[in-house]
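J.: These are the residues of each chain, in order.
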Amino acid sequence: MRLLLALAALIAALLAVGAAPAPRPVSIDLPFDATPFPDLGPGAPLAETINNNCLSCHSTEMVLTQPALTRAEWAGEVTKMRSVYKAPVAEADDAAIIDWLVVMSTRRPEAGG
Amino acid sequence: MIARRRFLTLAAAGLAAPALARDVDLRLPGGPSARRLTDAFPGKRGMILQRTTPPLLETPLAAFDSGIFTPNDRFYVRWHWPFPTEIDPRAFRLTIDGHVATPLSLSLRDIAALPRFEIAAVNQCSGNSRGLFEPRVAGAQWAHGAMGNALWAGVRLKDVLARARVKDGARNVRFSGLDAPPLPESPDFAKSLGLDHALAGEVMLATHMNGQPLPLMNGFPLRLVVPGWFSTYWVKMLDRIEVLSGADDNYWMAKAYLVPATPGGSIAPGTKDFPRQPISTMVPRAFITNVLDGSRRHWQSALPVGGIAFGGDAGVARVEVSGDGGATWRDAVLGPDAGRDSFRRFDTIIAAPRGAARLMARCTSTAGVVQPLTGIWNPGGYLRGQVETIAVDFT
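Protein sequence lines, in the order shown, are assigned to chains A and B.
Read in order, the letters of the first sequence are residues 150 to 262 in our numbering.
Read in order, the letters of the second sequence are residues 75 to 469 in our numbering.
Since the hints were made in silico from the structure, they are not lab data.
Hints are not guaranteed to be accurate.
Stated by the list, open to error - Derived lysine-lysine pairs resembling DSS-like cross-links, with alpha carbons at most 30 angstroms apart:
1) A:Lys235 with B:Lys346
2) B:Lys329 with A:Lys235
3) B:Lys346 with A:Lys229
Let's have the full structure, built from the sequences with the hints guiding it.
T.: Right, dumping it as structure tokens:
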């Protein structure tokens, strides 16, 4: 059965490849995630600075899915965004961003477990 | 219990963001492992959402169980920079310039007039399985699904380069696409191959995958296909080929996607100074796809175990399966051979132990490379190729 399906797919592929390129413009609508970084609770650094600096190029998941990085590793990531990818992050904002990242990645429910 | 209480506290504080809703657990050591499954991206369904913008979408491992060709609507997606969401194929042009005698600007019609070529080939992200590295490393936290296998159709790169008439002294060929960073100072994405490799014959420009035009998110209308090499070279929305007379010192070749210049690309965690080289060819891998890691199932004396394997930059010569954590192995039966660079199905039946078991599959390539039982480590989280373990509880 699997072999038959594979053969059918192959024949379909061979037929389609002879066709001319799609003549009409191809257009898609990508989803947009406007979710900001959350505040972390009483006494924790506010998310305002990271929200102002780190959402113009990527959505929050890139940060929230990282493993529990050390302060030095988080600092390295922020520096890399500025020096390599030219993100317009003022050095004066680094401390507030890194503080938030460190608290986020150590308090996260799954961190360490 | 503590973790649960902490979770509730953080949920109340707003940290349990929708992006981390527990739709799927990738079982990444130390977490966070929860990801959402999404149908929100056009032409894609049931994808693991790693990042919305720019999109990083992973294929669930179970999707590889239905055949050796990964359906286009399940094929993983990875972009560094924003890319156009509307493309007019009639206006599209591929520029070939640099160290050539005849610079070209080719329409898709011009390209379609060249001799046709097709190949089944695995496309795998350099950082596939990065989330499983220990110690963990920063970067896109993929499990095993940043890969797919397709029947790619289009034309050979060497036929395009022949029309442009590469001049003596050419050394490298650089490829870039329509994706562009949001700021002009940021490094535009571009990758290079050595001239000999570019002319070798199997490197191609694909317009179709699995019999359909490329999905826009997989590089419509044209992408480079580099069989046996990691996907970082498979430039999407390819619109520029530049022949270079020297080395390519652009960021994406000289600074990013580098691996240790050591056997297997491995170094001791924490090592700071070591020679590096651009990542290139893949290594053999095998994945059990009919029994999922962390699952619980009723015990049966004869357990079918199957999945997909690929040989890296060679074919699949052999796949062995173990039901006892690697103590004993038995050869699986290999499915039809769709070509050296394709996924290949394997199936066997093992005597399953009772209780907690560890299932493994081990690929040997036609080049004689055997997947090792122990893992490598490097700070980029690249080149993972060890035998993977499926923990399953038979009750």
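J.: Does each hint fit the structure? Answer for all of them.
T.: Tested hints:
1. Of the supplied pair hints, the one linking lysine 235 (chain A) and lysine 346 (chain B) holds, its CA atoms being roughly 24 angstroms apart against a limit of 30 angstroms.
2. Simply put, lysine 329 (chain B) and lysine 235 (chain A) have alpha-carbon atoms about 15 angstroms apart, close enough for the 30 angstroms limit, and the pair holds.
3. About 16 angstroms separates the Cα atoms of lysine 346 (chain B) and lysine 229 (chain A), which keeps this hinted pair within 30 angstroms; it holds.
Going through the hint list in order, the structure satisfies each hint without exception.
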